[in-house]
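Asks: Sequence:
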Amino acid sequence: MTEAKNCRKLASALVLGSEQAKLYVADFGEHAVVRITGRANCLSSVPFKRVVNGLIVRGNRNFTLDLSDCQLMDSTFLGVLVGLNRTLAQSEVAGRFSLYRPTESVRVLLDNLGILELFSTIESLGQAVDVESVESSGPEDKIELIRTSLEAHRILIDANSENEVKFKEVTRFLEEDLAHQEAAG
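Numbering-wise (our numbering), the sequence shown opens with residue 11 and increments by one.
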């Protein structure tokens, strides 16, 4: 087996062996609270994006992300979040994400990637105590996951040029893996 195939196999094992975060939603019309518990990783990014896009279609424009029980957040999930925040800010009826109690590990990630200033933090969830669990099934296929991850990392690079050095190899690997998967599929 070639080194590239070994890398792909190892990366898949690491990703697919991870647990997804659990998502909970309280929908208040133009505002929604999304609680993320557990590991906000690349597997969680696709369902998170689907949930938020569904809420946007229903008229939500402002989102509070309850990160008080989010153990960690990886760069793919963060890139999806930044992309959604950017989309909301640029829409006709501008909206945004606010963060509620990000854990220390999440705060450090946001700060290290120069992304923290893109979000406001809030101290209260207000009336968002009754949240509903939402189905958070993973991506439909591996290609969707790779595309989402590649787009997320490009967004992080676009958001802060210093991230190019950090994610240059990741994006190269994802581009190669995507080409390989599409050729095989």
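Among the hints, erroneous ones may be present.
Capping the alpha-carbon separation at 20 Å, the derived lysine to aspartate or glutamate pairs in EDC-like fashion look like this [claimed, not checked]:
| # | residue 1 | residue 2 |
| --- | --- | --- |
| 1 | K176 | D121 |
| 2 | K32 | D84 |
| 3 | K176 | E192 |
| 4 | K178 | D84 |
| 5 | K152 | E29 |
| 6 | K59 | E40 |
| 7 | K176 | E40 |
| 8 | K152 | D84 |
| 9 | K178 | E161 |
| 10 | K176 | E29 |
| 11 | K152 | E192 |
| 12 | K59 | E186 |
| 13 | K176 | E161 |
Derived from the structure by calculation, the hints contain no laboratory data.
Asks: Each hint should be assessed against the structure and marked as holding or not.
Replies: Taking the hints in turn, this is what the structure says about them:
The hinted pair formed by K176 and D121 meets the criterion: a straight-line CA distance of about 14 Å does not exceed 20 Å. As the CA atoms of K32 and D84 are separated by approximately 15 Å, the hinted pair is consistent with the 20 Å bound. Among the hinted pairs, K176 with E192 is inconsistent with the structure: their alpha-carbon atoms are about 26 Å apart, more than 20 Å. Pair hint K178 plus D84 holds up; C-alpha atoms about 16 Å apart against a cutoff of 20 Å.
For the hint pairing K152 with E29, the CA-to-CA distance comes to about 16 Å; that is within 20 Å, so the pair holds. The suggested pairing of K59 with E40 holds, with an alpha-carbon distance near 17 Å, which does not exceed 20 Å. With a C-alpha separation of about 36 Å, the suggested pairing of K176 with E40 is violated against the 20 Å cut-off. With a CA separation close to 18 Å, the supplied pair K152 and D84 stays within the 20 Å bound.
Pair hint K178 plus E161 holds up; C-alpha atoms about 13 Å apart against a cutoff of 20 Å. At most 20 Å may separate the alpha-carbon atoms for a hinted pair to count; K176 and E29 exceed this at roughly 24 Å. Pair hint K152 plus E192 holds up; C-alpha atoms about 10 Å apart against a cutoff of 20 Å. Distance hint between K59 and E186 is unfulfilled; the C-alpha atoms sit about 24 Å from each other, more than 20 Å.
Proposed proximity of K176 and E161 is supported: the alpha carbons are some 15 Å apart, at most 20 Å.
Violated hints for the displayed structure, listed by number in ascending order: 3, 7, 10 and 12.
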